[in-house]
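> For reference, the chains in residue letters:
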Amino acid sequence: DAGITQSPRYKITETGRQVTLMCHQTWSHSYMFWYRQDLGHGLRLIYYSAAADITDKGEVPDGYVVSRSKTENFPLTLESATRSQTSVYFCASSESDSNQPQHFGDGTRLSIL
Amino acid sequence: QQQVKQSPQSLIVQKGGISIINCAYENTAFDYFPWYQQFPGKGPALLIAIRPDVSEKKEGRFTISFNKSAKQFSLHIMDSQPGDSATYFCAPFLSGSARQLTFGSGTQLTVLP
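In the order they appear, the protein sequences are chains A and B.
The first sequence: position 91 = 91 (this note's numbering), numbered continuously.
The second sequence: position 106 = 106 (this note's numbering), numbered continuously.
Any given hint could turn out to be false.
Claimed, not checked - Pairs of lysine to any residue, SDA-like flavour, derived with a Cα cap of 20 Å: (1) A:K11 to B:K42; (2) B:K5 to A:K11; (3) B:K42 to A:H41; (4) B:K42 to A:R9; (5) B:K5 to A:G40; (6) B:K42 to A:D38; (7) B:K68 to A:L39; (8) B:K57 to A:N99; (9) A:K57 to B:K42; (10) B:K5 to A:R9; (11) A:K11 to B:L94.
What the hints assert, rightly or not - Only part of the chain B face toward chain A is listed, based on derived beta-carbon distances under 10 Å: (12) G43; (13) A45; (14) L46; (15) D84; (16) S95; (17) S97; (18) Q100; (19) F103; (20) G104; (21) G106; (22) T110.
Simulated from the structure, these hints should not be mistaken for lab results.
Glycine is no exception: its CB is placed at the ideal position from the N, C-alpha and C atoms.
My request is simple: use the sequences and hints to build the entire structure.
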């Protein structure tokens, strides 16, 4: 089915572990985004990508790494997870960065113990 | 980061009533003013959006009112229904500035039957 899918939907891990959240979109949208959603903070942009091999930091990039070797995939890696990274993570895509809506996945709920 | 202030934080409305959510922003260059709707366990989805060359846009029971001089835009939900119970986010945007994407902190709307 066309759309944007995130995996896993739920993940529990321990501090210091590496964890990768996957995001896949079937629209061939140029732009992709990673957000985290925390109570009281709304959605905060972690990283975004304008095209394959082009990524840039958002508001809260520390502790995260992204890559985009293919247009349809935009994985987010926590290289050494910390408790403060416990959150719900959303991936989104859009056709362009000009007056276009973002299309969101259903999120990954990540708990770091 | 551009500041976006959304109010109220939570709103309880009787079925059939009018729900009003406000979003104040600082950057007068914003050129796209969307509202997103989010249900529990799901990602946000575009509800309605407006461009700064119009003062109002209506789609069914949902209306955006835009006040350029006050740097504010509002979401009005007429004849509110229990199915409208969700969290609503504003996310004013400037084309070409994906790095500065900022969402409001969200309004949790509850419509009582």
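> Identify every previously stated hint that the structure contradicts and give their numbers, smallest first.
When the structure is compared with the hints, numbers 2, 7, 9, 10, 11, 15 and 22 turn out to be violated.
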